[in-house]
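There are 2 protein chains.
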Amino acid sequence: MTMKETKVYSIGERALISRLSGIFNTPEGKERGQEGILVGAGSDDCAVLDLKGEDCLVVTTDMLHRTTDFPPEMTPWQMGWMSAAVNLSDIAAMGAEPTGLLMAIGIPADTEIAFIEELAKGIQACAEFCETAVIGGDLDTHAELTITGTALGRVKKSHLLLRKGAKPGDLVCVTGHTGSAGAALEAIQSKKSVSENVLKALFEPVPRTKEARKLAESEAVTSMMDTSDGLAMSLYDLARQSKVGFRIREEALPILPEVEDFTSDPDELLEFALYTGGDFELIFTVDPGRLKKVQNICNLTIIGECTKYDTGIALESPEFRLTNIEQRGYLQLKAENS
Amino acid sequence: MTMKETKVYSIGERALISRLSGIFNTPEGKERGQEGILVGAGSDDCAVLDLKGEDCLVVTTDMLHRTTDFPPEMTPWQMGWMSAAVNLSDIAAMGAEPTGLLMAIGIPADTEIAFIEELAKGIQACAEFCETAVIGGDLDTHAELTITGTALGRVKKSHLLLRKGAKPGDLVCVTGHTGSAGAALEAIQSKKSVSENVLKALFEPVPRTKEARKLAESEAVTSMMDTSDGLAMSLYDLARQSKVGFRIREEALPILPEVEDFTSDPDELLEFALYTGGDFELIFTVDPGRLKKVQNICNLTIIGECTKYDTGIALESPEFRLTNIEQRGYLQLKAENS
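In order, the protein sequences belong to chains A and B. With the first letter of the first sequence counted as 1, position 84 gets the number 84 in the numbering used here; the numbers rise by one all the way through. With the first letter of the second sequence counted as 1, position 158 gets the number 158 in the numbering used here; the numbers rise by one all the way through.
The following block holds chain A by itself, in its conformation from the complex:
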């Protein structure tokens, strides 16, 4: 039992989740009396519980640690904002309206009270921005600052958006820009300068709560998730759940001008755009016949289209050359141990 193969770091997050899902016997689709579990752990940004009536409840939880999740340059206010935002972005990804946030915070005993108060103000600011509130939590002491947020939301069953639902021919869209947070992290780690706008994408990511609800209500969107693990990982998740492939146009990827200024290497730019996480944008697919219904909802960019599952996930260069998009990006366990 001391072989490397028996340790957590040797198998990676997704393999471990898969093993534990077997133990938890996650009852996806299984009805439990009045409270059906519509979507269980693992397959979407949130678990989904059937409420009596026309609505469902979505719920998600995320644990963040100071050393692994908060760059040293972040202020306590930003740590609080981020802790709320990661969870509220998952609620948005389902097309749901947030209905409450719970924050469990483990605090080193020698932390300044002023630090914790700033952190709380950041949490509160993000909750208010998303028109919800902190409804509960837990406080205790812990060696390293650790914050586990849980967010709840609700949405009409008919408006719920899953990773499943995209069809060949649907258009692929993203909100905002891609690769901004990744470029900011690279700038910090390599001690290069980058614009405030790019740093803000990493330090104060904005959950697309309002955009998500309008997209869900449009009834034109066929699948959706957030891009927090990076665009490539999101495409693979959508592909797996919807059983579609993708053709993504390289030229269409929406990249901040300041990120283009940051690097003159086109490969590095593509690396940021596809393979770095931390952007809390929405990626979604749209029935092309209903495109008009979503175009005025928010700042969105059409980056490609859905193809057949067996054609895989391809990137089309400006010269119409196709290459495979790889299945890699931000994943906590891999990131630390690869």
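FYI, nobody ran anything at the bench for these hints, they're computed from the structure. Be aware that a few hints might be false.
What the hints assert, rightly or not - Straight-line alpha carbon distances no greater than 25 angstroms define the calculated DSS-like cross-link-like pairs of lysine-lysine that follow:
1) B:Lys-156 to B:Lys-121
2) B:Lys-121 to A:Lys-7
3) B:Lys-292 to B:Lys-214
4) A:Lys-293 to A:Lys-156
5) A:Lys-156 to B:Lys-156
6) A:Lys-52 to B:Lys-214
7) B:Lys-52 to A:Lys-157
8) A:Lys-121 to B:Lys-7
9) A:Lys-157 to B:Lys-156
10) A:Lys-52 to B:Lys-192
What the hints assert, rightly or not - Label-pair distances were calculated between CB atoms; the ranges are:
11) B:Ala-143 to A:Thr-311: 42 to 52 angstroms
12) A:Ala-143 to B:Gln-327: 20 to 30 angstroms
13) B:Ser-18 to A:Thr-75: 20 to 30 angstroms
14) A:Ser-10 to B:Ser-264: 45 to 55 angstroms
15) A:Gly-169 to B:Gly-22: 48 to 58 angstroms
16) A:Ser-264 to B:Arg-19: 46 to 56 angstroms
A virtual CB, placed ideally from N, CA and C, is assigned to each residue, including glycine.
Add chain B to chain A, keeping to what the hints say.
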């Protein structure tokens, strides 16, 4: 800003919660469109959200750490069971039926996979015991094993039990025994032997899920909470929310025979019964005219009665002598730093 008074450890958990509640502007009782927050953070075991219709949703979160919450003698299976049980006990305390559990787990990278699988089996066993399921979660690496559980439940609004609601003249009841987990912890720390039955109370506490629902449905119970912070702290919480006092009969306190065998010191026995936490029993108040409706529901003991708020919380000795029950017990931040 380097004075002791500005550090977290100097003010204790309850003072810190109070400061943060001000920042979070917890909207207790404030209606938010269709989703009223019936009970906000701080005043009960769970936050309560109004669902459309006759039901409400209860939700709670708890963060546990290996060094501060799991005695070294615990098995991984027991750590898993405990992590689920603390949250499911909070759901029971509201009279609600659990509808799902989310577990965020931070795992040291060099942990044996077999350890995590045992932990997951313990979580699953407790969820199954309470007739619910793990519906979501989060995994990442962390220096110290940290588990944040979130439990959801639902209950008819008319059956919801709060800490508020007790009236002078109501009877005070508890399920099971009191002080068992505290005696077990003392035995471990002082390396004295104690029966397996007592150790099990600490290592595998049983959430009173089924009993709680029947108590709620009886419509005879006027207030309820769990005793995880100790009987004395629970009495103070009920008193504060219900605006009642208590007269508790020392002779009536239900103590396991093995705990009575463990110590010959009556003061130590009383210390276990009143001032140690870790028992996941229910304490509740009953309308005396409806006592018969609850007596056959579960193993319960009447330990006293509710009095007027200004008479305080008193312990009556077998010789009818009254002493004050103190406001102390298990609280994470104080426990570590006092």
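Evaluation of the provided hints:
With a C-alpha separation of about 31 angstroms, the suggested pairing of Lys-156 of chain B with Lys-121 of chain B is violated against the 25 angstroms cut-off. Proposed proximity of Lys-121 of chain B and Lys-7 of chain A is supported: the alpha carbons are some 18 angstroms apart, at most 25 angstroms. The hinted pair formed by Lys-292 of chain B and Lys-214 of chain B meets the criterion: a straight-line CA distance of about 13 angstroms does not exceed 25 angstroms. Restraint check: the Cα-Cα separation between Lys-293 of chain A and Lys-156 of chain A comes to about 19 angstroms, which is no more than 25 angstroms; the hinted pair holds.
For a cut-off of 25 angstroms, the pair hint linking Lys-156 of chain A to Lys-156 of chain B stands: about 21 angstroms separates their Cα positions. For the given pair, Lys-52 of chain A sits about 22 angstroms from Lys-214 of chain B by alpha-carbon distance, which is consistent with the 25 angstroms threshold. This hinted pair checks out: Lys-52 of chain B and Lys-157 of chain A have alpha carbons roughly 14 angstroms apart, not beyond 25 angstroms. The straight-line distance between the Cα atoms of Lys-121 of chain A and Lys-7 of chain B is roughly 18 angstroms, inside the 25 angstroms bound, and the hint therefore holds.
Distance restraint check for Lys-157 of chain A and Lys-156 of chain B: the Cα-Cα separation of roughly 22 angstroms lies within the 25 angstroms cut-off, and the hinted pair is therefore satisfied. With a C-alpha separation of about 52 angstroms, the suggested pairing of Lys-52 of chain A with Lys-192 of chain B is violated against the 25 angstroms cut-off. Distance hint check: the CB atoms of Ala-143 of chain B and Thr-311 of chain A are about 44 angstroms apart, consistent with the given range 42 to 52 angstroms. At about 29 angstroms, the CB distance of Ala-143 of chain A to Gln-327 of chain B agrees with the hint of 20 to 30 angstroms.
Judged by the Cβ atoms, the range 20 to 30 angstroms given for Ser-18 of chain B and Thr-75 of chain A holds: they are separated by roughly 24 angstroms. Checking the proposed 45 to 55 angstroms range against Ser-10 of chain A and Ser-264 of chain B shows it holds: the Cβ atoms sit about 52 angstroms from each other. For Gly-169 of chain A and Gly-22 of chain B, the hinted distance range of 48 to 58 angstroms is satisfied, since their beta carbons lie about 53 angstroms from each other. A hinted range of 46 to 56 angstroms holds for the C-beta pair Ser-264 of chain A and Arg-19 of chain B, which are about 49 angstroms apart.
In this structure, the earlier hints numbered 1 and 10 are contradicted, and the remaining ones agree with it.
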